[in-house]
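Use the sequences and the hints to build the structure in full.
Single-letter residue listing:
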Amino acid sequence: MRKFLRNLTEKIVEGILFLSSTVTTLTVLLIIVFLFREGAGVFSQSPVEKGFVIAVNKDNPIQTLTSAQLKLIYDQEVTNWSKLGGKNDSIILFRLDDIGNYYTEDELGENFKNMPEKLSELMDKNSGMVAFFSDKYLAKNFRGRVLKMSNTTLKEFFTGKEWFPTAQPSAQMGVLSLILGTLWVSLGAILIALPFGLATAIYLAEIADSRTRNILKPLVELLAGIPSVVYGFFGLIIIVPAIQKIFDLPVGETALAGSIILGIMALPTIITISEDALRTTPRAMKEASLALGANRWQTISKVVIPYAMSGITAAAILGIGRAVGETMAVLMVTGNAAVIPHTFLEPVRTIPATIAAELGEAPQGDLHYKALFGLGCILFLITLAINITVEYISGKRNKTSND
Amino acid sequence: MIKFADNRASKQRKENLAFLTFRIMSYFVVVILAVIILFLLYNGARVISWDFITAMPAEGMTKGGIFPAIVGTLCLVAGSMVFAFPVGVLSAIYINEYAKDGLFKRFVKLMTNNLAGIPSIVFGLFGMSLFVNTLGFGDSILSGSLTLGLLTLPVVIRTTEEALRSVDNSFRQGSLALGATKLQTIRKVVLPISFPNIITGLILSIGRVSGETAPILFTVAAYFLPKLPHSIFDQVMALPYHLYVISTSGTNIEESRPMAYGTALVLIAFVLIMNIIANLLRRYFSKKVKMN
Amino acid sequence: MNSIISTRFLNLYYNEFHALKGITMDIQPNTVAALIGPSGCGKSTFLRLFNRMNDLIDGVKITGDVLVNGKDIYADVLDVVELRRTVGMVFQKPNPFPKSIFENVAYGMRVNGITDNQYIAEKVEESLRQAALWDEVKDKLKKSAFEISGGQQQRLCIARALAIEPKILLMDEPASALDPISSAKIEELIWELKKDYTIMIVTHNLQQAGRVSDTTAFFYLGELVEYGDTKEIFTQPKDKKTQNYITGRFG
Ligand SMILES: Nc1ncnc2c1ncn2[C@@H]1O[C@H](COP(=O)(O)OP(=O)(O)OP(=O)(O)O)[C@@H](O)[C@H]1O
Ligand SMILES: [Mg+2]
Chain W
1 MRKFLRNLTE KIVEGILFLS STVTTLTVLL IIVFLFREGA GVFSQSPVEK GFVIAVNKDN
61 PIQTLTSAQL KLIYDQEVTN WSKLGGKNDS IILFRLDDIG NYYTEDELGE NFKNMPEKLS
121 ELMDKNSGMV AFFSDKYLAK NFRGRVLKMS NTTLKEFFTG KEWFPTAQPS AQMGVLSLIL
181 GTLWVSLGAI LIALPFGLAT AIYLAEIADS RTRNILKPLV ELLAGIPSVV YGFFGLIIIV
241 PAIQKIFDLP VGETALAGSI ILGIMALPTI ITISEDALRT TPRAMKEASL ALGANRWQTI
301 SKVVIPYAMS GITAAAILGI GRAVGETMAV LMVTGNAAVI PHTFLEPVRT IPATIAAELG
361 EAPQGDLHYK ALFGLGCILF LITLAINITV EYISGKRNKT SND
Chain V
1 MIKFADNRAS KQRKENLAFL TFRIMSYFVV VILAVIILFL LYNGARVISW DFITAMPAEG
61 MTKGGIFPAI VGTLCLVAGS MVFAFPVGVL SAIYINEYAK DGLFKRFVKL MTNNLAGIPS
121 IVFGLFGMSL FVNTLGFGDS ILSGSLTLGL LTLPVVIRTT EEALRSVDNS FRQGSLALGA
181 TKLQTIRKVV LPISFPNIIT GLILSIGRVS GETAPILFTV AAYFLPKLPH SIFDQVMALP
241 YHLYVISTSG TNIEESRPMA YGTALVLIAF VLIMNIIANL LRRYFSKKVK MN
Chain L
1 MNSIISTRFL NLYYNEFHAL KGITMDIQPN TVAALIGPSG CGKSTFLRLF NRMNDLIDGV
61 KITGDVLVNG KDIYADVLDV VELRRTVGMV FQKPNPFPKS IFENVAYGMR VNGITDNQYI
121 AEKVEESLRQ AALWDEVKDK LKKSAFEISG GQQQRLCIAR ALAIEPKILL MDEPASALDP
181 ISSAKIEELI WELKKDYTIM IVTHNLQQAG RVSDTTAFFY LGELVEYGDT KEIFTQPKDK
241 KTQNYITGRF G
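Protein chains in written order, with my numbering: chain W, 1 to 403; chain V, 1 to 292; chain L, 1 to 251.
There are no misleading hints in this set.
Okay, derived cross-link-like pairs now, DMTMM-like style, lysine to aspartate or glutamate, Cα gap no bigger than 20 Å in a straight line:
(1) Lys11(W) with Glu97(V)
(2) Lys11(V) with Asp79(L)
(3) Lys217(W) with Glu206(W)
(4) Lys302(W) with Glu15(V)
(5) Lys182(V) with Glu10(W)
(6) Lys14(V) with Glu206(W)
(7) Lys217(W) with Glu162(V)
(8) Lys188(V) with Glu10(W)
DEER-style ranges, computed between Cβ atoms:
(9) Trp191(L) with Ala385(W): 53 to 59 Å
(10) Ala385(W) with Asp135(L): 42 to 48 Å
(11) Asp116(L) with Phe247(W): 46 to 52 Å
If you are wondering where the hints come from, they were derived from the structure by calculation, not from laboratory data.
Where a beta carbon is used, it is the ideal one built from N, C-alpha and C, also for glycine.
Below, the structure is given as structure tokens:
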């Protein structure tokens, strides 16, 4: 009996332990489900805000418009329907505010009760007109035609340069500038962090005596412990004004500021991982080099570093990963302009910063909300790719060092 | 017979130059750290007072203290650890002590690694979508703690696993050979030996959690809420978010600057203290182990 | 006779631990000296004296003299790098560098300032031939050194040591990690090399010591118990401990 009870407890405990061990896997799966379910909504929802319609004359042959085309029309960069594959007819823009140009207040009646009727008439009369108005003014027997807006496509999402998720009449959901902004800032960060990180790792692993090492190592760990918002604050107060002054810029919030801060933040990752990699160099290999008359530096540069190369690569990639996903510090120092970056001295906007800055204002279920989840998906995929790459590299290393 | 060029001098020169460069660059990294910490210390120390720590924010967060933010952060740290610590430790025990080497173990490890690599803002999105909206917890300590808990779970698992792995197998075999069951062996032998390292890992993850901002942005953090929470369904202010708010979008950024310095100092002091405690513990326990 | 290697009252300490105790020994040029003895008796430590590899370990203290070619190699004025060029070393496990086969052999020349690529190429071939490896690798010199077998790797490491034309070759159990065939090849090689080099070899394989060496030194707990002609040591050891060891009673 006692034995039975004991076995039972053992089994139950093992069951609990097993369940706990599945939590991380479940979380990853749930993250995927929730992120992608919301994110996919970007492609199944009209870019025109709910409750509004785009209408044209019913003889207008255009059946659907993309968000980008609509923007061109409303920015008056396209003024003739033929440009969009329609008839040769100039485009007449109509916003609800313009109604006064066509009808008097009396004609519209009190509380605009004649508005639907008048809009209908207007759309019928003007063959080139395109109108954007609330669907509560849509007459029952509307004599124009409500235009179908095509949903954002995957291609438009990734190649679109315009990120105006709340633009009227139609949201612009191009994430290219955000992706490039993220990569740009991260690239800068790694260019800054790699030389210093690697030098420190080499110094710690091969050059410093154990006393120096015992002091430096905890300091590097400390660097990793500083919260990103504190880095952001430091950047905002010291680095941003410094950049503004040094380069004589209108604003100091630039990609460079982001790269510097992210570079500092990526240092501990790079240092720790590449130091570990350098340390795996077999002692015998170093001794063989010294026994051939190489000095320590020759041994480091010709044997130790090549041997640890895959580990160093992994360190660099993980450093980039850390930079790509970093939110608060970047949000605070990069200026957040959603434009494709050309130099390090302009403001840029990264994916995480965009999510952090905009999610608070995006109503749940709104297209904007979904687009931000779409950004989350991109971020998730980038970091997943980084992880898999690192896994692959270190897997390969384990194989070669086995012989 | 080889004619060796006498390159000794140039070899030596190159070595000296390289070593000097590396030393300077390493020290530069330390200098950066020192600058950040001294800068915050210098500017923040003037602000810190008993009042600052214990008072409510006042006058559009340009005066008063940061008491609710401190309480909020403590709530979140406690909440996230209540979740992450048991789950993480149990999970690590399963992986290290029970799971056989094979597909399952590799898969779980891969997933844990992946979870560790997911950016914190994505946790924020996820937490908002699952806890705040789907499960209906709203912006609350509960949502925030669970989000933060999931975020640190991989850290807890990893440090615990390391601690368990450092227990020599001979202890396990010795105990099993005496007729102890697996569970008894883990409880009476493995856990006590690895306990110090597990605790050290816990303390380090507390340090990390207390500074996280992105995950709490949309799950719990309040912009301004000069009262203390009553239940886990309340919103709270939190130190890192508070620092973000008053340094970027407060009602009067210039005037709240001293508040920002103070907040940053409190935040970093918290992390520092956690780090130091962890290091001291590590050293203390490793000495004890050596003596035994 | 002029010995090429000699030690006088040599003591070595790892911190407090007295690892080599008052060792005096001479080795003649162009001979093979085998070092034998039970594990931990100090053979490797002794071998590593002659290219000052022990310098790399913290806490090592040495008293007494070590002479190579009549020069005190622990004198302050001595250049360690120069010494290591004249005293080559082959380790227990093959430890090629993460480079191509060619670059492994060229390494010693390159780090010692030789830049004449044609000369390097000739020397690489010559060394590989000397190490009896040329025919096996001549078509894959550009391949990674990790891609050849363990036995080949070990001969590569020998070729690598030979390429900088040392006078003395130190070998620490060079064949212990190898299969019998590779091991036999290494032994043959040692016979060949004796013409041009003085060789010290540590081995746990007594038959091997008997086959390849001219003289044999038996170490026990840091002391040099007996040193002399290999034939004599193996047939009529003077010391009881030596006798026990070579008849397999301990070790
Ligand atoms: N780095 C070191 N620090 C402290 N003691 C050491 C060190 N290296 C070796 N020793 C000690 O010195 C003694 C001699 O070691 P050595 O490696 O020379 O033995 P060996 O005869 O080569 O043994 P084996 O046949 O196992 O290779 C051993 O007792 C060893 O424990
Ligand atoms: Mg040895």
